[in-house]
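Colleague: All chains, full assembly: derive it from the sequences and hints.
As they're listed, the protein sequences go chains X and W. Here the first sequence stands for residues 1 to 117, where the numbers follow the working numbering. Here the second sequence stands for residues 118 to 232, where the numbers follow the working numbering.
Hints may be right or wrong, so weigh each one.
To be verified - Sample of chain W residues facing chain X (criterion: CB under 10 Å; computed from the structure):
| no. | residue |
| --- | --- |
| 1 | A118 |
| 2 | V121 |
| 3 | Q123 |
| 4 | F151 |
| 5 | L161 |
| 6 | Q162 |
| 7 | L163 |
| 8 | K166 |
| 9 | E205 |
| 10 | F207 |
| 11 | C208 |
| 12 | V209 |
| 13 | V221 |
| 14 | G223 |
Unchecked claim - Below, computed lysine to aspartate or glutamate pairings styled on DMTMM-like, alpha-carbon distance capped at 25 Å:
| no. | chain 1 | residue 1 | chain 2 | residue 2 |
| --- | --- | --- | --- | --- |
| 15 | W | K159 | X | E28 |
| 16 | W | K185 | X | E105 |
| 17 | W | K224 | X | E44 |
| 18 | W | K159 | X | E105 |
| 19 | W | K166 | X | E28 |
| 20 | W | K166 | X | E105 |
| 21 | X | K57 | X | E105 |
Stated by the list, open to error - FRET-style restraints, in silico, Cβ to Cβ:
| no. | chain 1 | residue 1 | chain 2 | residue 2 | range |
| --- | --- | --- | --- | --- | --- |
| 22 | W | R139 | X | Q41 | 15 to 21 Å |
| 23 | X | R22 | W | S169 | 34 to 40 Å |
| 24 | X | Q41 | W | A232 | 26 to 32 Å |
| 25 | W | T189 | X | R22 | 36 to 42 Å |
| 26 | X | F74 | W | K224 | 27 to 33 Å |
| 27 | X | E97 | W | M200 | 32 to 38 Å |
| 28 | X | R81 | W | G179 | 45 to 51 Å |
None of these hints come from the bench; they were simulated from the model. Quick reminder that beta carbons are idealized off the backbone N, C-alpha and C, glycines included.
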Amino acid sequence: DTGVSQNPRHKITKRGQNVTFRCDPISEHNRLYWYRQTLGQGPEFLTYFQNEAQLEKSRLLSDRFSAERPKGSFSTLEIQRTEQGDSAMYLCASSLETGQGGRNEQFFGPGTRLTVL
Amino acid sequence: AQSVTQLDSHVSVSEGTPVLLRCNYSSSYSPSLFWYVQHPNKGLQLLLKYTSAATLVKGINGFEAEFKKSETSFHLTKPSAHMSDAAEYFCVVSDRNSGNTPLVFGKGTRLSVIA
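Modeller: Structure (structure tokens):
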């Protein structure tokens, strides 16, 4: 399968614990995005990378959140000291940007569902 | 700032009848507009996109949408609903000229198809 993959698919944790999610984009895609989707809402942008550079972060991304894409391929999203309000679906998407404008056709992974007890 | 408003949180149609999911957008720039579909326990899938070419855009599975700048609308239609169309649909906007803005999603419209 050559789509975007995310692991784990589900994570249940206790409040205060740290969690880390992984996203593997489509191999030739240079951009990688993280979104968060809560129940009954559309996905909300968190951050994105162009290759290994993190170019934009949403104000939703508090200091407890950190994302990396060290080699410009897979990415990790870590949440420290989780809170119940962090419970959501975390979605990863990737795209191939060729510098010809915001075509932004993003391909989404299946998501990681986080439940904080 | 960009935003989209999906005018209906839930639409219910009978199988074989037309589908209309309404979306209005707000953008300071030349927008790209998309419709994504999300089936339960599956990833978001792109249905169609508008990026400045023809204003009537055809997508997968018989869906189409028309970009109307004067009405700031991008409604999604399908002539005849199938049971498999039951899902959550998201209208999405991004800034076409910037090249780097993330997608801004609406809150979604849940489509139910009744046999």
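Colleague: Check whether the Cα positions of X:K57 and X:E105 lie no farther apart than 25 Å.
Modeller: Measuring from Cα to Cα gives roughly 19 Å; hence the hint holds.
Colleague: Is the straight-line distance between the alpha-carbon of W:K166 and that of X:E28 25 Å or less?
Modeller: holds, 21 Å
Colleague: Next item in the hint list is W:G223. Is there a CB on chain X closer than 10 Å to its CB?
Modeller: holds, 5 Å
Colleague: Tell me if the beta carbons of W:R139 and X:Q41 are separated by a distance inside 15 to 21 Å.
Modeller: holds, 18 Å
Colleague: Decide if the proposed pair is consistent with the structure: W:K224 and X:E44, CA atoms, cutoff 25 Å inclusive.
Modeller: The given pair, whose Cα atoms are some 10 Å apart, holds under the 25 Å limit.
Colleague: Taking only the CA atoms, is the gap from W:K159 to X:E28 under or equal to 25 Å?
Modeller: Holds, because 23 Å separates the two Cα atoms, which is no more than 25 Å.
Colleague: Given W:V121 was flagged as interface, is its beta-carbon under 10 Å from a beta-carbon of chain X?
Modeller: holds, 8 Å
Colleague: Can we keep the W:E205 interface hint, with Cβ of chain X closer than 10 Å?
Modeller: holds, 9 Å
Colleague: Look at the Cβ atoms of X:F74 and W:K224 and judge whether their distance stays inside 27 to 33 Å.
Modeller: Once the Cβ atoms are compared, 30 Å apart, the range 27 to 33 Å for W:K224 and X:F74 holds.
Colleague: Cβ-Cβ distance between X:R22 and W:S169: within 34 to 40 Å?
Modeller: About 36 Å separates the Cβ atoms of X:R22 and W:S169, which means 34 to 40 Å holds.
Colleague: Interface hint check: W:Q123, Cβ to nearest Cβ on chain X, cutoff 10 Å. Holds or violated?
Modeller: holds, 8 Å
Colleague: Does W:F151 hold up as a contact with chain X if the rule is Cβ-Cβ below 10 Å?
Modeller: holds, 8 Å
The structure is inconsistent with hint 1 alone, although it conforms to all the rest.
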